[in-house]
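Sequence order for the protein chains is A and B.
Just so we're aligned, residue 1 is where the first sequence starts under the working numbering, counting upward by one.
Just so we're aligned, residue 392 is where the second sequence starts under the working numbering, counting upward by one.
It should be emphasised that the hints constitute simulated quantities derived from the structure, not laboratory data.
Zero decoy hints are in this set.
These stretches of chain B come out as covered by chain A in the derived footprint (C-beta under 8 Å, 3 or more residues): (1) 442 to 448; (2) 458 to 468; (3) 478 to 490.
Ranges between beta-carbon positions, derived for each pair: (4) Thr622/B to Trp58/A: 53 to 61 Å; (5) Ala180/A to Asp407/B: 40 to 48 Å; (6) Ala375/A to Asp531/B: 25 to 33 Å.
Incomplete in silico selection of chain B near chain A, CB under 7 Å: (7) Ile474; (8) Arg493; (9) His496; (10) Pro497.
Backbone N, C-alpha and C define an ideal beta-carbon position, used for all residues, glycine too.
Now for the letters of each chain:
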Amino acid sequence: MTGQGEAALDREQGTRATAEPGERTPAGPVGTAALPSTGGRPPTSGIDLGVIALPWRWRVLAVTLGCGVLVLAAFTVGIAAGSSRMGVLDVWSTLLGGGTQTLQFIVFELRLPRACVAVGVGLCLGLAGALTQTFSRNPLATPDILGVTSGASAGAVVAIVLGGGGYSVGASLLGVGIPAVAIIGGLLAAAAVYGLSWRQGVDSFRLILIGIGLTAILGGLTSFLLVRAQLTQVTAATQWMVGSLNGVSWASLWPMVVVLAVLLPFALTQSAPLEINQLGDDFSTGLGVAVQRHRMLVIATSAVLAGVAVSAAGPVEFVAFVAPQVACRLARTARPPLIASALVGAALVQLSDVAARVAFGTEVPVGIVTAIVGAPYLIWLITRHNRKERR
Amino acid sequence: MTDSALLADRVTLGYDQVEVFRDLTVEVRQGSVTALIGANGCGKSTLLKAFGRLLQPTRGSVGLAGTPIRSLSAREVARRLAILPQKPLTPAATTVRDLVMRGRHPHQTLLRPWTATDAAAVERAIAATGMTELADREVDALSGGQLQRAWIALVLAQQTPVILLDEPTTFLDLSHQLEVLRLVRRINAEQGSTIVMVLHDLSLAARFSDRLIVLHEGRVFADGEPWEVITPEVLATAFGLEALVIPDPASGRPLVVPLDPTDVPS
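Okay, chain A solo, but in the shape it has when bound (with noise of 0.2 Å):
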């Protein structure tokens, strides 16, 4: 994260040393009105990310690198808290090798995978989020609109009452089982949605619509499920459902650092076509957007990041709603930064964690804290943001 921000700072300085002694263009074709001196520092440069050049401002470099160090705080809390104490030094002494042999196991084996799985599913969701926010300019769209949390519940709740039973997410009996069938449900169920909301291409409000459809059909069929299923079937989809870190093994977070590793990257390459989405669709194609191409990638590539953190943590609520609305206001953009929305969902879910952990004593499952904790947050900020504007 931080590498990208060097990246940016960097070509943000190489875009200035080029824009002063540059070539001044002799009058192209808009020849108009003399050029003003370029003495003032202008507020925005470009950087180029892929195939885009896309506005950088200082604050949102600020927040995203903020966001970093937020993580990297929250993650080292996330490996030192815990019913054995550790402090700060011993948690990264012990991570960059040294340690004693008990303090080894307890990070390793214990408590690392949790952590990195905790963040791992706060940037999958977060940016998941961003995305789904950005591409239908409308704050209430989370992936849970494309169908893929229903779906992952459904599929999960399949799996979990016609395939038997297992209390924690991760390791239970039929550990490899739920969260492959909870992805397949949630890609499923975006595909459908996607293909339903088709007529001469995808319009974005009448995806939400057949998302908020779809969603409640495999509401209903999961409610069914669980009304039949046996008591210890229903405990165990509950807490499926509700989202929790229970139980994560290395094996959960595999699959989520390749999807990161490959859809991160990608959706940046998207950063200026969904910048330029928000002046309408019809704008977007006059400046060479293809739009319904630039749609289709950017759907397929939330439901995969909602669907492999679904598979990994069960869906915890509300971080895709909350974390890219919290960074939009932190960075004050007109969209969601991408990467800072990741890095916040990132925090939110390992301090969740934390909090689930040590604040409440017994183990809550972290998709209760997030709603708990990242709702009032985010209400806090909207009405610190009115309360300014009234002034």
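Place chain B on chain A using the hints.
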């Protein structure tokens, strides 16, 4: 053939089941200012959208400087043709300069990111539309006239030989309408751009265009220079308007004076 900037060749255009035009052929010559006029619902915007490939003809084809527009990539078209749609969405937390910078998107590629040329094009477009002092203002704080100029600056930053404007003067008061249309003429005169616009005000259309195309009942009802097109007969049929056409004392162009049976000459 080489003279043609845009050619709609026997196109059939419509939405869903409703057919607006069938076998319509319209050619726009390079370097001219053309206004599409007609009553509400006559298909002015539909034709403009087809020229700007926002609407695919179900039959026939649209050519851009002799090349079928469908054979070009979205980005290639955007380097040659800019279109200002009727109701663009105004983004939040975006300055005028940020907005205009988006006009450079079609010129950027993997190997050619943001450069000094792009920055210069943006500043020129801002200056040309008189937005220099407002460049750092957020767009949602602009007045209607300023916002319209910001949109036009965006389209100018695209630096295309062809510019399509869908009702660029709607929602503006008369002085701002004049300002926008003067700007259009200036862009045409100084850069030789081909401009096609949809306008509602007939007198303004006559005053600022080289050529008027009147659309009526799915076909070109009248086409030519202002004096050839703005006649009481055309107005009566295409607009259902009883009107006098007199020479504008200032410009010598036709001026439409609508008549009303209850008018009492004083």
